[in-house]
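A.B. asks: Residues per chain are reported as follows:
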Amino acid sequence: MSETSELKARTEEGQAVPNERDEQKGKYMTFKSGNEYYGLKIQYVKEIIQFQAITAIPETETYIKGLINLRGKVIPVIDVRLRFKQEPIEYDDRTCIMVVNVKSTTVGLIVEKIAEVVEIKEENILPPPSIGRMEKGQNKYVYGIGKVGDSVKLLLDPDKLLNDEDLSAAEQSDDVILEEE
Amino acid sequence: MAEEFNTEGMLDMYLFENEQLLEQLQDRVLEQKDAECFDEDSINEIFRTMHTIKGSSGIMMFDNITAVSHKLEDVFFYLRESHPENVPHLDLVEHVLEVADFISNEMDKIRSGSPVDGDASEIIARLDKFLNMLKNGIKQEGTEPPPENVHEEPKQFYIAPVATSASRFYKIYLTFFPETEMANVHAYKTVYALKEIAEDLLYSPDDIIADEGSAEQILKEGFRILLQAQCDEQEIRDIIGVGYDIKNVDIFECKAEEFLQGFDFGEQGVQIDLESSVEEIENKAQAEKKQEESGEKEEKEPAKPKIAPGDFVIKSKEPGKHKTLAKDKNKGEKASFISVNVSKMDQLMELIGELVISESVVLQSPDLKVPGLNLNNFNKAASQLAKISTDLQNVIMSMRMVSLTNTFQKMNRIVFDVSRKLGKDIEFEMVGEHTEVDKNIIEHISDPLMHLVRNAVDHGIETNEERAESGKPDKGKVILSARTEAGKVWISVEDNGKGLDRDKILAKARKQGLLDDSKSDASYTDKEVFQFITLPGFSTNEQVTEYSGRGVGMDVVVQNLQAIGGTLDIESTAGFGSVMSLKIPLTLAIINGIVLETGNSSFVMETGAIKEFVSVKENMMIREPNGDEYVMIRGECFPVRRLGKWYGMSAYKESVEDGMMLILEVEDKKVCLFVDKLVGEQEIVVKPIPSYIKKVKGLSGCTQLGDGSIALILDAAGLLE
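Chain order of the listed sequences is R and G.
Per my numbering, residue 912 is the first one in the first sequence, and the count goes up by one each step.
Per my numbering, residue 135 is the first one in the second sequence, and the count goes up by one each step.
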């Protein structure tokens, strides 16, 4: 009786859960796209899988490459390079699909090369420079620049990465119409 | 994210039970809406339902639900024991439905986690008014109204109060006139009234509500009450009030010892905990309270409240309760059903889908294609496996099949509401409501059906005056029917109203620029004309009413239907009414499909939509200068749609002689679809395209093929647009 209650008390305090979170805190999965390295908070990353055959879907944005079958679950994949409006490259054996889960949407990101998991402390993250690289399409996904030793990683906001602002705006207006009905 | 409920919780049980109760209630009420009044059974059942809801809501502390259900219970309490005449039946029906709506609305709030804040006071006020009207309408003379069914909070537990020196003890004998009906209810009423003043109260026979036989016993032997209270005999007499079928009231004051002895005639089963000290009784009471709190949510049957305030712990209440519970159980043969969380069913369905896919992965494995293998045993085992998995699929499909009865009942309600509001006299008929359809499909057709039924009542059927003028003798009628045919379900909404006004629709269409100016009105067929009303923003009703006329109804109907692969067919005869027929697939989950390839992609087309496969020669093609293509097959000319070109794909076959033509037929429209290659027929498990990807015209989903790759499912109706 006393043991179980003790156990209960411990789990209620929730020590196990924060530990896991602590472990993940400040860690970023970094990958290469073009000449830059990008970082994505590790808690969004579910798994990394080998590149596999993609079923193309017609009439979608070019960066949406299509659908893959992830153990029976159909998930869409997007090409990060195309998303950043960079030139497409041939996929090779280094190309990976990083499966991320953002707000219960599971999406695969095709990245050129997976780098490593790095820890970036809060104080080493700078806001993105407001001048320079003002190209509109580029800056909005990057919410900070993380310094790791001598190199820098561009930290990505996954939500903005997945959702085109124009697109979501259009969708929202659609929704409004539906609600009115 | 999918909403997940913890099925174990008390709240879920509460919601689930009440939902069912409300559904039954509505069915019951609507069943008898056209009758003169509710029959005895219904009144009892409504009373019981409200009582149960009141009780459980009290435990869950949803005070507004408790209050409303209590009020309606009052009304039916009155109906059931006073049998008033001239009850405005339709008003009563409306009141009941209003309460049911209020409660289900509040339950929705509970479900979504928002505060249960609906204001019940208005409904209560209306019910009060109604009740008063009933009472005054029947008894003009100043006889006092029956005692109110006293509202008590079931969540509280009363323990026996300590007898004070001021308390006096009485034995009360009530005798009723022998012809009194439902004497038990009258007795119950008295008990209720006495509770107001009672410190302690005991009566015999004790099981006056649940046990119908007690009425007879009361008539024969009289009704005995032991009362402990701080008032004198006259006050008690006033409370009991002679006159309401009570022949005689005898009140004897007695001593405390006598009182504690209970009834000297030794009632069977009644035991009063006399020896225990007050503390012990309190302890027991507390123990019971705990038991109640610990989730043993007991149905608050009418038998329960009578032992509430001021009672000693009377053991005999247990058998009584069991009896009532058992009685309820027997009714719907509930024992042979279990209710399963839908998400679990979906999971099972998904797993079976996976199984079907992996089965085809195994059976089509490239390893088996090695020449020279002896596969006799493998093939035997494989066919056995295939048989079992087909059976498994059939079973899960049949488990998901739900009859349309509930959906149809809801429509009954709509007809009732709308026709009442509009003052139209409308009869509603259901045909084939037991037709079974996949649960997912039911969810999708409920809204379209609602629109159609509303339209029929609002626009279709004329007002009573108009009907009289145009010489239609019969009542307005809406017939909702369902039947299965050729793997599809047909649901039609038929009304005998004025029908669609072809000229009006044409005029409106011309105004909106939908017609080809070079064509005359007469060259459009009725069918084409009626299709216009399914376009967005098209409503010929000049006046927007509360129910329809904004022109958003019909296009939503069509959209919703298309989402599940259904179609809408409109027939109408001016002056005689219209028929709206929905044609929907029986199931969505597993379909037979033809796998085909174009470019580098695989597609699947539902087998039912394909009329035939044709290999065509170049000389059968007709090309227009603007790029449109047609093909002549056996003297018939079909428009051609090249799948590769339509989706702007790369590396598809150009020459029609290299590929294959599929003749598709949807709603009498035919089109030739040109694809590169046919792969074969297969049972496919339909999966939705992830919502991240916006809807693509002509695609209705995706599926996994035998080799694990994904194919897109083509939607024939979408391709025809």
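Keep in mind that the hints were calculated from the coordinates and are not lab data.
Please note: incorrect hints may appear among the correct ones.
[As the list claims (entries may be wrong)] Think about it this way: if two alpha-carbon atoms lie no more than 30 Å apart in a straight line, the pair counts; the simulated DSSO-like pairs of lysine-lysine are:
hint: 1; chain 1: R; residue 1: K957; chain 2: G; residue 2: K821
hint: 2; chain 1: G; residue 1: K544; chain 2: G; residue 2: K503
hint: 3; chain 1: R; residue 1: K984; chain 2: G; residue 2: K622
hint: 4; chain 1: G; residue 1: K828; chain 2: R; residue 2: K1051
hint: 5; chain 1: R; residue 1: K996; chain 2: G; residue 2: K611
hint: 6; chain 1: R; residue 1: K984; chain 2: G; residue 2: K544
hint: 7; chain 1: R; residue 1: K1014; chain 2: G; residue 2: K478
hint: 8; chain 1: G; residue 1: K478; chain 2: R; residue 2: K957
hint: 9; chain 1: G; residue 1: K831; chain 2: R; residue 2: K984
hint: 10; chain 1: G; residue 1: K828; chain 2: R; residue 2: K957
hint: 11; chain 1: R; residue 1: K984; chain 2: G; residue 2: K779
hint: 12; chain 1: R; residue 1: K1071; chain 2: G; residue 2: K828
hint: 13; chain 1: R; residue 1: K996; chain 2: R; residue 2: K984
hint: 14; chain 1: R; residue 1: K996; chain 2: G; residue 2: K779
hint: 15; chain 1: G; residue 1: K622; chain 2: R; residue 2: K957
[Unchecked claim] Facing chain R, according to a computed beta carbon distance under 8 Å, are these residues of chain G, among others:
hint: 16; residue: L149
hint: 17; residue: F150
hint: 18; residue: Q154
hint: 19; residue: G356
hint: 20; residue: E488
hint: 21; residue: S735
hint: 22; residue: A785
hint: 23; residue: G814
hint: 24; residue: Y826
hint: 25; residue: I827
hint: 26; residue: C836
hint: 27; residue: G842
hint: 28; residue: S843
hint: 29; residue: I844
hint: 30; residue: L846
[As the list claims (entries may be wrong)] Partial pick of chain G residues on the chain R-facing surface, computed with a CB cut under 7 Å:
hint: 31; residue: Q543
hint: 32; residue: Y781
hint: 33; residue: K821
hint: 34; residue: P824
hint: 35; residue: V830
A virtual CB, placed ideally from N, CA and C, is assigned to each residue, including glycine.
A.B. asks: Tell me if Q154 (chain G) is really an interface residue toward chain R, meaning its C-beta lies closer than 8 Å to one of theirs.
C.D. replies: Since chain R brings no Cβ nearer than about 30 Å to Q154 (chain G), farther than 8 Å, the hint is violated.
A.B. asks: Under the criterion of a CB-CB separation shorter than 7 Å, is K821 (chain G) in contact with chain R as hinted?
C.D. replies: 5 Å, holds
A.B. asks: Using the nearest Cβ pair, does P824 (chain G) come within less than 7 Å of chain R?
C.D. replies: At about 5 Å, which falls below the 7 Å cut-off, the nearest Cβ of chain R leaves the hint on P824 (chain G) intact, so it holds.
A.B. asks: Restraint: L149 (chain G) near chain R, CB-CB cut 8 Å. Satisfied or not?
C.D. replies: At about 24 Å, which exceeds the 8 Å cut-off, the nearest Cβ of chain R leaves the hint on L149 (chain G) violated.
A.B. asks: Do the alpha carbons of K996 (chain R) and K984 (chain R) lie within 30 Å of each other, as the hint requires?
C.D. replies: Measuring from Cα to Cα gives roughly 28 Å; hence the hint holds.
A.B. asks: Straight-line Cα separation of K984 (chain R) and K622 (chain G) no greater than 30 Å?
C.D. replies: Within the cut-off at roughly 29 Å; holds.
A.B. asks: Given the hint that K984 (chain R) pairs with K779 (chain G), test it: the Cα-Cα distance must not exceed 30 Å.
C.D. replies: 29 Å, holds
A.B. asks: Does K503 (chain G) lie within 30 Å of K544 (chain G) when you go C-alpha to C-alpha?
C.D. replies: Given pair K544 (chain G), K503 (chain G) is violated - Cα atoms ~56 Å apart, limit 30 Å.
A.B. asks: Is the Cα-Cα distance between K1071 (chain R) and K828 (chain G) 30 Å or less?
C.D. replies: Holds, because 17 Å separates the two Cα atoms, which is no more than 30 Å.
A.B. asks: Regarding the hint that G356 (chain G) lies at the interface with chain R, is the smallest CB-CB distance below 8 Å?
C.D. replies: 55 Å, violated
A.B. asks: Holds or violated: K957 (chain R) and K821 (chain G), Cα atoms, limit 30 Å.
C.D. replies: With Cα atoms ~22 Å apart, K957 (chain R) and K821 (chain G) stay inside 30 Å; holds.
A.B. asks: Under the criterion of a CB-CB separation shorter than 8 Å, is F150 (chain G) in contact with chain R as hinted?
C.D. replies: 26 Å, violated
When held up to the earlier numbered hints, the structure conflicts with 2, 5, 6, 15, 16, 17, 18, 19, 22, 23 and 31 and fits the remainder.
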